[in-house]
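Student: Hints are included, so try docking the two chains, each in its own frame, into the full complex.
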Amino acid sequence: MSTNKVIQVDGLTKMFGDFTAVNAITFDVKKGEIFGFLGANGAGKTTAMKMLIGISNPTSGKANVAGFDVFTNAEDIKKNIGYMSQKFALYDDLTVKENITFFGGIYGLSRSKIKEKSNALIEDLGLETVANQLVGSLPLGWKQKISFSVALLHDPKIVFLDEPTGGVDPITRRQFWEMIYKAANQGTTVFVTTHYMDEAEYCDRVSIMVNGKIEALDTPKNLKTQFKAANMNDVFLKLARG
Amino acid sequence: MSITIQHISKSFKDVVALKDVSFEVKEGELFGLIGPDGAGKTTLFRILTTLLIANEGTATVAGFDVINDYKSIRNSVGYMPGKFSLYQDLTIEENLIFFATIFGTTIEKNYDLIKDIYIQIEPFKNRRAGKLSGGMKQKLALCCALIHKPKVLFLDEPTTGVDPVSRKEFWDMLKRLQKKGITILVSTPYMDEAELCDRIAFIQDGKILEIDTPEAIVKHYPKPMYNIRSNNMYQLINSLKAYEHQHSVYPFGEFVHYTDNRLDFNPKELMLYLESKNLSEISIQITQPTIEDTFMELAK
Numbered sequence: 000m001s002t003n004k005v006i007q008v009d010g011l012t013k014m015f016g017d018f019t020a021v022n023a024i025t026f027d028v029k030k031g032e033i034f035g036f037l038g039a040n041g042a043g044k045t046t047a048m049k050m051l052i053g054i055s056n057p058t059s060g061k062a063n064v065a066g067f068d069v070f071t072n073a074e075d076i077k078k079n080i081g082y083m084s085q086k087f088a089l090y091d092d093l094t095v096k097e098n099i100t101f102f103g104g105i106y107g108l109s110r111s112k113i114k115e116k117s118n119a120l121i122e123d124l125g126l127e128t129v130a131n132q133l134v135g136s137l138p139l140g141w142k143q144k145i146s147f148s149v150a151l152l153h154d155p156k157i158v159f160l161d162e163p164t165g166g167v168d169p170i171t172r173r174q175f176w177e178m179i180y181k182a183a184n185q186g187t188t189v190f191v192t193t194h195y196m197d198e199a200e201y202c203d204r205v206s207i208m209v210n211g212k213i214e215a216l217d218t219p220k221n222l223k224t225q226f227k228a229a230n231m232n233d234v235f236l237k238l239a240r241g
Numbered sequence: 000m001s002i003t004i005q006h007i008s009k010s011f012k013d014v015v016a017l018k019d020v021s022f023e024v025k026e027g028e029l030f031g032l033i034g035p036d037g038a039g040k041t042t043l044f045r046i047l048t049t050l051l052i053a054n055e056g057t058a059t060v061a062g063f064d065v066i067n068d069y070k071s072i073r074n075s076v077g078y079m080p081g082k083f084s085l086y087q088d089l090t091i092e093e094n095l096i097f098f099a100t101i102f103g104t105t106i107e108k109n110y111d112l113i114k115d116i117y118i119q120i121e122p123f124k125n126r127r128a129g130k131l132s133g134g135m136k137q138k139l140a141l142c143c144a145l146i147h148k149p150k151v152l153f154l155d156e157p158t159t160g161v162d163p164v165s166r167k168e169f170w171d172m173l174k175r176l177q178k179k180g181i182t183i184l185v186s187t188p189y190m191d192e193a194e195l196c197d198r199i200a201f202i203q204d205g206k207i208l209e210i211d212t213p214e215a216i217v218k219h220y221p222k223p224m225y226n227i228r229s230n231n232m233y234q235l236i237n238s239l240k241a242y243e244h245q246h247s248v249y250p251f252g253e254f255v256h257y258t259d260n261r262l263d264f265n266p267k268e269l270m271l272y273l274e275s276k277n278l279s280e281i282s283i284q285i286t287q288p289t290i291e292d293t294f295m296e297l298a299k
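Going line by line, the protein sequences match chains F and A.
Using numbering that gives the first Met the number 0, the letters of the first sequence map in sequence onto residues 0 to 241.
Using numbering that gives the first Met the number 0, the letters of the second sequence map in sequence onto residues 0 to 299.
Keep in mind that the hints were calculated from the coordinates and are not lab data.
Some hints could be false.
To be verified - Below are the DSSO-like pairs computed for lysine-lysine, each with C-alpha atoms no more than 27 Å apart in a straight line:
hint, chain 1, residue 1, chain 2, residue 2
1, F, Lys49, A, Lys130
2, F, Lys86, A, Lys218
3, A, Lys276, F, Lys181
4, A, Lys206, A, Lys18
5, A, Lys130, F, Lys86
6, F, Lys30, F, Lys4
7, F, Lys220, A, Lys167
8, A, Lys267, A, Lys240
9, A, Lys267, A, Lys218
10, F, Lys212, A, Lys82
11, A, Lys267, F, Lys220
12, A, Lys167, A, Lys114
13, F, Lys227, A, Lys276
14, A, Lys174, F, Lys237
15, F, Lys49, A, Lys82
16, A, Lys108, A, Lys136
Chain A extracted, bound-state conformation (with noise of 0.2 Å):
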């Protein structure tokens, strides 16, 4: 195992960052902890990568102890925070001499690790840290944090606040890294990108809700979901909502996700209800769940 994780515990002062956390990550897993801002998924980093230290449970790292063996971790982890953390007041080159000299390493030692991502920022290595724009900040901070060949990479909600593009550009990145025996544990609040982990984590409140593949994730959903689209989609939701039988209604893109109470729904009733309320053009269709319907539902 590359990380284990028991009966991890955390709290400051009266408010619970996490509570109870147990799951392992295999070596050279590409492993998500998916959930939103609050969850807890930050202090678990910290805790991970020695920074912090937790009230109670224990946890290892590349073989090491996060208490016992700390200073082996650090030597064996890249970690990138989700705020910007490296000298704005250094260029790209300094930046990466910096951290390739406090491990005892050099930047050609490891080239082959990071070229791919390294060559679309080095035009730029003479400039400022600070003067970067969000996409090549986040290709800085990740060659940094490879820069000693880790043998874990913490990723920290990577893609936050990055456009589509970028995030797909960031995630084919990823693939490729563990293609090259890294072991990856990653954060995210993006439910689209848990599909490219082998193994994905929810959390919410400090607790872990569910643990296994995006594929068996989605096969756990309890109820038979229904694309619903109409003339209006505000009025929609308000009638869907205030139907009797609904047990969840979720809009997602052009249509509403929506489960009933009842074993034995029966679609046309509810188009006759939404006839009622004076909606047109309304269309009821089953469809699959998704990794984000099943996080809501186990969630609520």
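So that you can see chain F by itself, here it is in the shape it has in the complex (with noise of 0.2 Å):
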């Protein structure tokens, strides 16, 4: 296996009964790559994603990430991977740097890494004055860039981010994108998922999803000059109305 390669998926599928979710996609990611998974509502993105973070059991196919095998290894890729959906980021109840505190325990950090982690951050997104209030009282713009940072406190080889920047003002969501970039610069792998398509343009590479198959997967530029459309968004409505 190429070392390059921390994502390998090879005929990946899922079925609930008769209705097949995931159909049969093959795709890899490389180490450092931003790899945007696209798909219409209902598409299979997110069954897709919960295949590659271990939570759910393929019916058949395979998948290794960050060197680990989706059937027999779910609980090391869990330990070597970073996940933030918008749904479920952060416990409101408790303050920034407890939520920091508690995520960096259950990822396994000593007490003195986590510290410092937690230095490292609040430093990093500006968060001194807020340090001590409760998540719940955060613009949503601040909760997701808190989120994506606790996401990568235990340096994972892959961060999955599903729908990262859904409502987060224009400013804010740019900001998102320059810590992906960061992250991705420093040799993290970053799975996103968005709605917005100028977003699918950041990505190095992008796959579109279409009832459960892979429809698409090149860079921006050559899905653009494959579906002769000026932009993104051309070419997911020109794909996605299957």
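Tutor: Here it is, written out as structure tokens:
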């Protein structure tokens, strides 16, 4: 296996009864790559992502994530990846610091490491004044930035982001993407879903799922050429009307 | 005027949700309230639909005062909240019958208004609302908001979290409803949807930043806008942010949108600077600012 590929998926399939939610998808993601995982609501993105992060058993096919097999080593996958979703990110009833300490503990970091990481995170995000405030009182954009940093606390090889910027204001959305670029630049692989098609352009490569299948996978530039489209929104509209 | 809002303010304890908000929506207009999560959009919707009382200011909807005539307003408006608020344990058809009955009407009576939308979910009419996909829930909620033939329709972030294809279909539906004479006030965090409205108001931190047609708002942008690209996006953003003359640097799809502080800005100079930062395949081209650029400039 090439060590350059941190996600390898081959014919991965998930069925619920006789409904095929994910239909034999095949793709690779390279180390340090920003990989956009797009598709309409209900296309199968979340189901596919759940299999890759080790919380849902595939019906058939193969997948290796961060060097571990999704069938046999799901627990090892969880230790080596970060995950953040729009729906659940942090505990609203804990302060910023408490959240960091909590998740640091979950990821098995030592107390001294947690303290060091916590201070660095608070300084990086300029959160000194709100470090002891409840997360629930912060604006969504801040929460999402903290949540992303928390997902990176244990220096995972890959971070999975499920619609991280939904409803976030345009300036914060861009600051969020600068954090993604920074993480990727430092070698972390970023696997991200979004409904903002301008964000699809920020990815190194993009896949588009339609009815459980990956119908397109390439760089944004090549996809635009292939579908004779001016932008990724047009590519998406041409493809996803399946 | 279909909606008039004068000097509305609302606070929750020490949090100011709305601060001296005033604007009007004309009859038959498709008016967009554009702003991020937490800007105060939902609070304003709740005041206009008589679910919340403002601390200061007055407002009318369909000619009725939000305080004195609140019951008349409730009969004249349709409201689709951001959070799915139908009965999860009732089927599609039962939800619709329920809302029609509450408003003293029947599905048959106003069927033409919802027909276009309802036929898309009709094959599933016996399915419980809780078991529907996001797109189907959204269509059902819209049908329920329309069943009593409202004069004014309030839609609070109807497309948040919805994919681009379904968003486009939803906006096509809104345009058709508008043609039937319904006034629509819609909120969204998506700047591309702003272009589809007759007029828009930018809202942030409880304050209205600007109100105008989408075309006019873009024309107000104060500086020439440049599209810049290079071989490495991350280095390009960092280099531009470190450039002493930069006014704004925002990634925009495959480009970075850049404005300069100087009136006599010469792109060649910037090109040399970027080359000195070891960037290659650099291109700098003048472009048109978008609604999103304008919003970010105002919100800075």
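Student: Could you work out which earlier hints the structure fails to respect and list their numbers in ascending sequence?
Tutor: 2, 10 and 13
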